[in-house]
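Novice: Assemble chain B onto chain P, guided by the hints.
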Amino acid sequence: KAGVTQTPRYLIKTRGQQVTLSCSPISGHRSVSWYQQTPGQGLQFLFEYFSETQRNKGNFPGRFSGRQFSNSRSEMNVSTLELGDSALYLCASSLGFGHEQFFGPGTRLTVL
Amino acid sequence: TQLLEQSPQFLSIQEGENLTVYCNSSSVFSSLQWYRQEPGEGPVLLVTVVTGGEVKKLKRLTFQFGDARKDSSLHITAAQPGDTGLYLCAPRNQASGGSYIPTFGRGTSLIVHP
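In order, the protein sequences belong to chains P and B. Everything in the first sequence is counted per the numbering used here, starting at 123 for the first residue and increasing by one. Everything in the second sequence is counted per the numbering used here, starting at 2 for the first residue and increasing by one.
Okay, chain P solo, but in the shape it has when bound:
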């Protein structure tokens, strides 16, 4: 069974731009969660989607948004990029709450 895939793997943007990251979950998984990982703050939860609905949301500004499609693939968007948005963005898929999460390899975003 193929794992969670994320595209692109690396991305360089400049301040003020916007970016869209993509996540394809494991087949059959309907839950997709997004995380931001930085050396300073560690791994922080952004939001979770289940069956195209945002179910939970972490403490991030409205510049961070996401969506999930009917095939469970998910995208996250960051608008008006700031230097502090430089991070590894991870997505994880699962069958649903209480089930094991499987993480993708992440997208390394650098904001210049």
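Pulled from the structure, derived: some chain B residues nowhere near chain P, Cβ distances all over 12 Å:
hint	residue
1	Leu20
2	Val29
3	Thr52
4	Leu59
5	Lys71
6	Pro82
7	Ile112
If you want the footprint, here are the derived chain B segments under chain P, 3+ residues with CB under 8 Å:
hint	segment
8	40-47
9	102-108
Hints are computed from structural coordinates only; laboratory data are not their basis. Yeah, the Cβ is synthetic: ideal placement off N, Cα and C, and Gly gets one too.
Specialist: Okay, now just chain B, sitting in the frame of chain P:
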């Protein structure tokens, strides 16, 4: 807001040594998960501990959940270079009102030198 501490933050050891890393909090958890994240990869779940005092073994790794379910430890016997990675603990609490915000510790970065 729960305080979650992992220690040590960094650990550099030689192959064959033993080590223990810790995950401590002021809050009681319903369960706790340990993950390992290798460079360039996402975290991978190692174990979930649920019962206070529970001990689980995964080959050379021994996980223990504190009696009060506020802390946990991970002991590695005879560490190997393949154990290199970031070890993260993730406590889990019962969802309230249908919402659940996953939290992770900052992690222990382990390097095992051959």
